[in-house]
Amino acid sequence: MLQFLLKRLLQAMLVMSIISIACFAIQDSLGDPTRELAANSISSEERELLREELGLNDSTIIQFGRFIGRAVQGDLGNSYFFKEPAMTVILKKLPATLELSFAASILIIVISIPLGVFTAIRPRHWFSRLTMAISVIGISIPVFLTAIGLIFIFSVTLGWMPSFGRGETVEMWGYWNSNFFSGDGLLHIIMPAVALSSIMLPLFIRLVRAEMLEVLSTEYVKFARAKGLSSYKVYMKHALKNTMLPVITVGGVQIGIMVAYTILTESVFQWPGMGFMFLEAVNRSDIPLITAYIMFVGFLFVVVNTLVDLLYGVINPMVDLVGGNQ
Amino acid sequence: MPLLTIKSLCIEFPGRGKTERAANNVSFELHAGEILGLVGESGAGKSTIGNGIVQLLSAPGRVTSGDIYLNDDLISNFNAKQILKVRGSRIGFIFQDPMTSLNPLFTIENQMVETIINCLDMNQQQASQYAIELLAQVGIPDPEIRIKQFPHQFSGGMRQRVVIAIALAGKPELIIADEPTTALDVSVQDQILTLIKGLCREHNVGCLLVTHDMGVIANVADRVAVMYRGNLVEIGDTAQILGSPNHDYTKSLISAVPRSNIKTDRFPLVEYIETTEKGLDSIDVTTHWLGQGVRHTHSDDLLVIKDLNLRFITRDAMFERNRRYLQATSNVNLTVKQGETYGLVGESGSGKSTIARMVAGLQKPDSGSIQFDGLELVGNPDKVAIRNARKQIQMVFQNPYSSLNGRMKIENIIAEPILFHKIAPQGDVSQIVGDLLDHVGLGRQSGKKYPHEFSGGQRQRISIARALASRPRLLICDEPTSALDVSVQAQILNLLKDLQDELGLTMLFISHDLPVIRQMCDRVSIMRHGMILETAESEQFFEHPENAYSAELLSLMPRFDNIYESSRITKAPN
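Protein chains in written order, with this note's numbering: chain A, 41 to 366; chain B, 780 to 1353.
Next comes chain A alone, as it looks inside the complex:
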């Protein structure tokens, strides 16, 4: 177990250093941060002074060295725009994004597993055909279009749903603002969550269906039937658990991707999360914030993957991550 985590930590560090190199390689082409910082109201001397102060005149190598030196101590630099540590900015925006992704994941899990199982068991049923047809459409429509469509129908035309923002949130532990504990908050999260899940959901239905079909053709499912078990038990016990193994592997990574790329949904719904923040940071050439965000997302990926592997080990007795009990 310790060895596994240690290995993962090393991998994480490698991933982070590659990401940071990539970030620094592109930062010169992101525009001049001083223009955003000070607008057009200052003289070129003052601007030059500001550049000097921020260390922007040093060579990329030196800047990179300085960045790494600080990053090792946990300091990813200060955001030019917010004038506070980039990490603090990200952590402030984190709850909104995590809650949105969480709501979308719940939607995906609750809908895709039953639908996937049903379409696998009854492939010729009209409902299965309908599901498969809709899922193709779902995959092909981009997220922002779904989002705009939702706003148009439910907010503009029908006026049932709020069209932007988080609405009323409840503060917890003095830090975390949650949407899940007030009616208004819940109402606000529904449409963004639906929009965010609209791409992954059909994918998951198809994934669950394909895996289930595969498992249903195995010998042990046939043997379970030959033992005289009812169809319900064969499907829900013997087949489903085996179906979940590959679904967890692929799904975990996909959900990680979803957390990272909430950018589109957050922009359309003006959702005050990390994705929206990142888009603004790019517009403002807020290099420390961009770098910090990308590194944070990289870190998130490593964490999600590690969790997925651990979960896989718990479900599959043939995988022995903890080691020892042979």
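If you're looking for bench data, these hints aren't it; they were derived computationally from the structure.
Hints may contain errors.
In silico BS3-like cross-links for lysine-lysine, where the CA-CA straight-line distance does not exceed 25 Å [claimed, not checked]: (1) B:Lys927 <-> A:Lys273; (2) A:Lys262 <-> B:Lys864; (3) A:Lys277 <-> B:Lys860; (4) B:Lys860 <-> A:Lys262; (5) B:Lys927 <-> A:Lys281.
Non-contacting residues of chain B with respect to chain A, defined by C-beta distances greater than 12 Å in every case (computed) [to be verified]: (6) Ser837; (7) Lys864; (8) Asn882; (9) Pro930; (10) Val942; (11) Thr973; (12) Gln1117; (13) Gly1147; (14) Gln1150; (15) Met1187; (16) Glu1195; (17) Lys1227; (18) Leu1274; (19) Leu1282.
Keep in mind it's a predicted model, so treat the numbers as computed, not measured.
Each residue gets a CB set at the ideal place from its N, CA and C atoms; glycine is no exception.
Chain A is already provided as a structure; the job is to place chain B on it using the hints.
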């Protein structure tokens, strides 16, 4: 009153355009305490009948007519709910591959208890207790501990015991065993068959034993039913069917089974199922390109293997002390003479295929030496010489379904080694490929087709043609016929023998099947746990094995010759 009565059963698989009849008017009876062998080759419909009895046919297969009675009950008319009460409780099932018939994610206890609770009136605790008793009954040591484990912690033989325990769990009247020992080693096969036989006698349970293996039938079945393409061609007492079969197909089938007690030159009468193309131009190898390969020899010993070692890591760890290894081969020494067939025999995991892979260059040994015609192959820096030697060593693999690239045409598959090694002028290649296809009995027009258009036996012919295409001197055959039906096996073995005579090939022949080894090999080495235990002249080995393990394996080999011979002798005076 028979236990199981099947009356003119027809099973069909409707397909596009045509409907395939997997069972055609099959009728037979099975009595309590009796073992009825249902024998035939792949596609004969024997498994279909087993599945059809308990309505487990895979879609779109269905029973179209006929009645199936279990005692007095017409179970073929049972609906989906009623048949659940038959499965497990009245008819137990044993499947072919114990590696796949248990769910890998649940403990043995979980899988047994659910069956017991489903079939018998017991609570969780009683069921658990009964499960332990069952495991003890089928010969699993420490059942209290083993029952908490997962399937992957059991060996193949042990898993099949668990499967049998589950089949018995509902106290059934009938057991349908579908190829129960095909995936197992000889020694384990013997134990499992003895177990099934004992349990049937003890509990007065009837058993329908579906198998393609005549040796198994001869050892355990009381009566035999022979199936051929959906038809039941013959049924009768085991001794009568094996000793003096009436139907031509049964005769052909029996003649194709490699004899374990005597070496024959060729397998007679094996053209019943898969006939090769007739009237093909066979080529005269003395003048043909195929016969013009490298012939000069530096020594009589074509292949010399010395102190060959290889170990695999079975569990990797950061620290040396935590790593686990498997010694795949340890200090293997063997010498293959020019022109002979050298057999490597042993059970699964004994390291015989690993040796083949190292000789073929597919695996690097940790230490030791492999010399081909005097040239060292291990760690030799002379790449040109190595490539030249590799050209003369070719391999025929076990599984004809996965050893051919499904996206390539046959002619391209066979031409590849010729083009790669540049051993024939570009313009002659298609002529040579055609000749090769003719020679292995497929016909040159097959070159335009893709692998999926061929049966297993035909594909193995393609593999052989591909191996011959680089004009090898050493042909390594790694279980070349173990995936094939017995009549097809006989044809392929005949072909290999013919080719060897014509081309003077040297063969390294690997098999777990002792009768096949006896028919094919001049000398034999027996392997276990990566070591060679005994090397002897083939006949010497089969008549007077020196090693205790060899003797044990030979005694366990299911043989039907005994019945075959004895019934011949008893019938002779008439």
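Hint check results:
{"no.": "1", "hint": "B:Lys927 <-> A:Lys273", "in the structure": "holds (21 Å)"}
{"no.": "2", "hint": "A:Lys262 <-> B:Lys864", "in the structure": "holds (16 Å)"}
{"no.": "3", "hint": "A:Lys277 <-> B:Lys860", "in the structure": "holds (19 Å)"}
{"no.": "4", "hint": "B:Lys860 <-> A:Lys262", "in the structure": "holds (17 Å)"}
{"no.": "5", "hint": "B:Lys927 <-> A:Lys281", "in the structure": "holds (19 Å)"}
{"no.": "6", "hint": "Ser837", "in the structure": "violated (8 Å)"}
{"no.": "7", "hint": "Lys864", "in the structure": "violated (7 Å)"}
{"no.": "8", "hint": "Asn882", "in the structure": "violated (4 Å)"}
{"no.": "9", "hint": "Pro930", "in the structure": "violated (9 Å)"}
{"no.": "10", "hint": "Val942", "in the structure": "violated (7 Å)"}
{"no.": "11", "hint": "Thr973", "in the structure": "holds (23 Å)"}
{"no.": "12", "hint": "Gln1117", "in the structure": "holds (46 Å)"}
{"no.": "13", "hint": "Gly1147", "in the structure": "holds (29 Å)"}
{"no.": "14", "hint": "Gln1150", "in the structure": "holds (39 Å)"}
{"no.": "15", "hint": "Met1187", "in the structure": "holds (27 Å)"}
{"no.": "16", "hint": "Glu1195", "in the structure": "holds (33 Å)"}
{"no.": "17", "hint": "Lys1227", "in the structure": "holds (33 Å)"}
{"no.": "18", "hint": "Leu1274", "in the structure": "holds (33 Å)"}
{"no.": "19", "hint": "Leu1282", "in the structure": "holds (42 Å)"}
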